[in-house]
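**Q** One-letter residues, chain by chain:
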Amino acid sequence: MAQRAGAVIVPRWPGAIVIALVLLLTVGTLIAVLTRADTFGGLGSADRAAISFTLLQAVLSAAISVIAAIPVARALSRRRFRGRSILITLLGAPFILPVVVAVMGLLAVFGRNGLLNDALTMIGAGRVSIYGLAGVVLAHVFFNLPLAVRMILQGWQSIPAERFRLAAALDAPVFSLLERPMLRAVLPGAFASIFLICLTSFAVALILGGGPKATTVELAIYQAIRFDFALDRAAFLAAIQFAMSLVAAGIAWFLAVPDASGAGLDRMARRWDGASIFSRLSDGLAIVVAAAFLIVPLVLVVLRGIGGLGDVPVQIWPAIVRSVLVAVVSTSLTILAAVALSVRGGRGVVVASALPLAASSLVVGTGLFIMVQPILNPAKIALPVTAMMNALMALPFALRIMEPAVTKAERDFGRLSTSLGIVGWARVRMVILPRIRGSLGFAAGLAAALSMGDLGVIALFATSDQQTLPLLMYQLMGSYRTDAASGAALILLGLSLGAFWICDKWGRHGAEN
Amino acid sequence: MKYSTLPLVAGLSFIATGAIADTLTVYTYDGFNSDWGPGPQIEANFEAECGCDLEFVGAGDGAAVLSRLRLEGDNTDADIVLGLDTNLTAAAAETGLFAASGVSGEYDLPIDWTDETFVPFDWGYFAFVAGKDVAAPANFRELADSDLSIVIQDPRSSTPGLGLVMWIEAAYGDDAASIWADLADNIVTVTPGWSEAYGLFLEGEADAVLSYTTSPAYHLIAEEDDTKTSWTFDEGHYMQVEVAGKIAGTDVPELADQFMAFIATEGFQSVIPLTNWMYPVVTPAEGLPAGFETLSTPETALLFSAEDAAAKAPLAIDAWRNALAQ
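Residue numbers (full-length UniProt numbering), protein chains in the order written: chain G, 1 to 513; chain W, 1 to 326.
Check the hints yourself; a few may be wrong.
[Stated by the list, open to error] From the derived model, a few chain W residues whose C-beta atoms are all more than 12 Å from chain G:
hint	residue
1	Asp30
2	Asp115
3	Gly199
4	Glu205
5	Asp234
6	Asp251
7	Thr275
8	Leu288
9	Pro289
[As the list claims (entries may be wrong)] Okay, the calculated bits of chain G under chain W, using three or more residues with CB under 8 Å as the criterion:
hint	region
10	202-214
11	371-379
Don't read these hints as lab results, they were simulated from the structure. The structure displayed is predicted, hence computed values, not measured ones. Note that beta-carbon positions come from the ideal geometry of N, C-alpha and C, so glycine has one too.
Generate coordinates for the entire structure from the input sequences, incorporating the hints supplied.
**A** As structure tokens, then:
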């Protein structure tokens with residue numbers, strides 16, 4: 001059946017609006033900062049040192065996270081056991097924790113007074129120090145391993161069940177036929193995402209880096225804006241971050257060969273391989289080691305938090321309400337934007353999945369402030385701006401998760417739908433959305449949790465009576481109230497995980513039926 | 001611990017309520033205006049006198065307040081800026097946004113206060129806070145020679161961090177770089193701000209943390225924990241003096257003057273010790289709260305003038321970074 005000339009197969013204009021907004025919020029804010037710079041100077045040797053350290057730690061962190069994630073994702077993809085779904089949710093927790101909380105959890109295990117050193121002392125071995133490049137990388141792997149596992153797991157789950165069946169029937173090697181091409185398609189994107197996240201690391205790198213050796217570009221930007229008020233240097237450094245991220249995203253896009261061996265009937269995979277004792281043991285080991293690494297620090301955060309719950313001030317209630325509202329709005333924005341962009345496809349997706357990650361939140365916040373302040377009082381729009389910024393920061397993750405699913409749905413069912421005359425919004429609603437429910441739920445959960453835990457730009461805009469939960473937690477920490485802050489951190493962790501679990505469950509409920 | 005119960009509804013409203021009385025807008029750092037900081041009580045005390053509406057706007061830390069003010073320039077809504085320290089006042093004065101305070105007073109400060117633009121509202125000594133069970137070094141050299149571990153803050157992102165760099169600069173001048181080189185192996189890590197460093201210390205990651213001589217007062221008074229102390233160094237202690245300034249372009253100049261004069265009075269100063277955990281610049285009539293007498297008091301107070309601080313800071317930070325980046 002020939003298609004009527006000029007019919008819209010999928011709507012493209014919403015994606016264009018999203019791209020324009022992303023550019024405004026990232027590049028536009030940078031230009032706004034530049035317009036207010038009084039001087040134009042170059043970079044000092046300290047800035048160059050910061051750039052090379054930033055690159056080094058980001059490459060190491062991303063490589064280790066991705067490599068370590070492969071066996072874990074493989075084990076999770078081919079084993080079914082009790083509590084698997086809760087384990088998968090919990091494994092995602094470090095990624096959505098506020099940085100300071102996660103660092104405190106890590107230090108409770110790896111710190112000078114942590115469990116590891118207690119154990120080493122008990123067996124008479126020397127103490128180890130976590131501080132330095134190793135500590136930075138360890139923390140980044142802790143944060144990003146869950147993300148890598150989930151991204152790679154999605155890849156495994158996207159291999160059609162029929163192919164595993166066929167491979168089993170033919171006694172063909174699953175790895176080289178099915179898994180290697182999938183990894184080839186998924187790994188570059190996972191690596192690039194984590195590389196970009198680590199590129200803008202600030203607090204982790206400094207706290208665990210042990211000193212100015214571990215200065216990152218983001219800290220240099222912070223110093224330029226806050227202490228030197230050198231807006232030109234801040235904008236220049238932010239531009240360098242953008243350049244590094246675009247190169248990384250471009251390389252990843254180039255390396256990621258779309259897997260093109262045809263469609264399946266869209267059913268849950270059952271695996272016939274991996275029944276040997278060796279593979280059972282290795283899968284079990286991968287899951288246990290990853291779970292211990294990711295969950296023990298969390299348990300310690302929870303234990304400390306329980307003790308502090310009694311000290312949490314009543315202001316926690318309005319802060320919780322604000323954070324939840326912001327999370328609901330920003331999640332909706334993220335999902336709308338990600339659907340619009342995924343459907344549109346093309347180079348805009350690369351830009352929108354890299355630029356926000358590489359944006360320095362301080363530069364974006366400052367630029368927005370410069371743009372908004374002549375028109376209206378920034379405090380009045382603190383919460384909407386926070387929701388929008390959180391949506392921007394979550395968009396790259398949502399895209400990474402949803403775009404492959406949308407592309408696959410289009411590839412597998414696009415011709416059929418077009419021949420049936422299902423085009424335009426109907427195509428998005430009837431064909432694409434039901435096919436991507438799992439990815440959509442996962443992306444929404446991630447966006448909600450990230451928004452909940454993110455300090456964002458609220459500190460730059462808000463007055464003190466508009467605290468969100470993370471801001472309240474930082475303020476408690478900043479006024480000696482460490483116990484109350486631990487309690488607030490526990491509530492934050494609960495809310496983030498809860499939001500993630502609800503959305504992800506909704507998505508997987510659809511996928512498993 | 002008691003907290004005033006704020007009506008939830010008020011907290012939820014996104015839009016500031018329009019006030020009938022004149023509004024005095026005071027920019028300050030977040031901690032000052034948190035519910036457990038001095039802000040709410042001072043607001044109540046001042047509003048009882050002025051028949052006006054005092055609005056605190058919290059914006060990050062002291063350095064963030066100044067950068068916000070610089071971004072807003074002449075457009076700023078601020079009438080008063082409260083919470084800069086003497087390391088920031090030179091840059092603040094340079095903006096040309098501040099007017100002479102018109103306030104002069106006798107302050108209980110260990111130094112003479114001569115600045116005509118900025119009015120001090122509280123102060124403290126930087127010091128290393130440690131457990132009482134740790135043998136205290138008598139100065140930076142002893143600390144550097146010891147095996148003691150410390151956590152400090154980054155001078156590029158934190159006011160106490162900058163205070164420590166200025167402290168060593170004031171105490172050692174040309175030898176500052178060698179002191180830093182010797183201290184390098186004592187420093188467990190450097191954090192972006194005070195909260196992270198203090199948190200690490202409380203978790204036992206280091207023997208001591210850079211904070212204030214008044215920090216043990218919080219543990220003693222609020223937590224009834226008398227195990228913390230601060231080390232007294234014989235080369236003297238650098239001070240942090242926190243100040244307020246009046247914005248020249250204020251639309252409520254009389255109210256702003258009234259507030260500037262209010263700072264040195266009982267209604268402001270008596271709130272400071274137990275909320276900001278710093279020394280008031282004018283000791284309240286009933287003296288300092290019980291517990292403050294236990295704090296160590298350095299013999300020598302060190303402080304650069306605002307101009308010297310501004311001139312020395314970049315070089316001192318470079319020396320710090322070079323020594324620690326080895």
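**Q** The structure should be examined with respect to each hint, and the outcome stated for every one.
**A** Comparing the hints with the structure gives:
1. Not every Cβ of chain G is farther than 12 Å from the Cβ of aspartate 30 (chain W); the closest lies at roughly 6 Å, contradicting the non-interface assignment.
2. For aspartate 115 (chain W), the non-interface assignment is confirmed: its Cβ lies about 21 Å from the closest Cβ of chain G, beyond the 12 Å cut-off.
3. A beta-carbon of chain G comes within 12 Å of the beta-carbon of glycine 199 (chain W); the shortest separation is about 6 Å.
4. Not every C-beta of chain G lies more than 12 Å from that of glutamate 205 (chain W), the closest at about 5 Å, which undercuts listing it as non-interface.
5. For aspartate 234 (chain W), the requirement that its beta carbon stay farther than 12 Å from each beta carbon of chain G is met, with the minimum near 26 Å.
6. Its beta-carbon lying about 14 Å from the closest one in chain G, aspartate 251 (chain W) satisfies the requirement of being farther than 12 Å from that chain.
7. For threonine 275 (chain W), the condition that its CB be more than 12 Å from all CB atoms of chain G is violated, with the nearest at approximately 9 Å.
8. Chain G leaves leucine 288 (chain W) outside its interface by the beta-carbon criterion, the shortest separation being 18 Å against a cut-off of 12 Å.
9. With 12 Å as the threshold on Cβ separation, the claim that proline 289 (chain W) sits away from chain G holds: the shortest Cβ distance comes to roughly 15 Å.
10. Taking a C-beta to C-beta cut-off of 8 Å, the region 202-214 of chain G contributes 10 residues in contact with chain W, enough for the three needed, and the coverage statement holds.
11. Coverage of a stretch by a chain is defined here by at least three residues with a beta carbon nearer than 8 Å to that chain's beta carbons; for the region 371-379 of chain G and chain W the count is 4, and the condition holds.
The structure is inconsistent with the numbered hints 1, 3, 4 and 7, although it conforms to all the rest.
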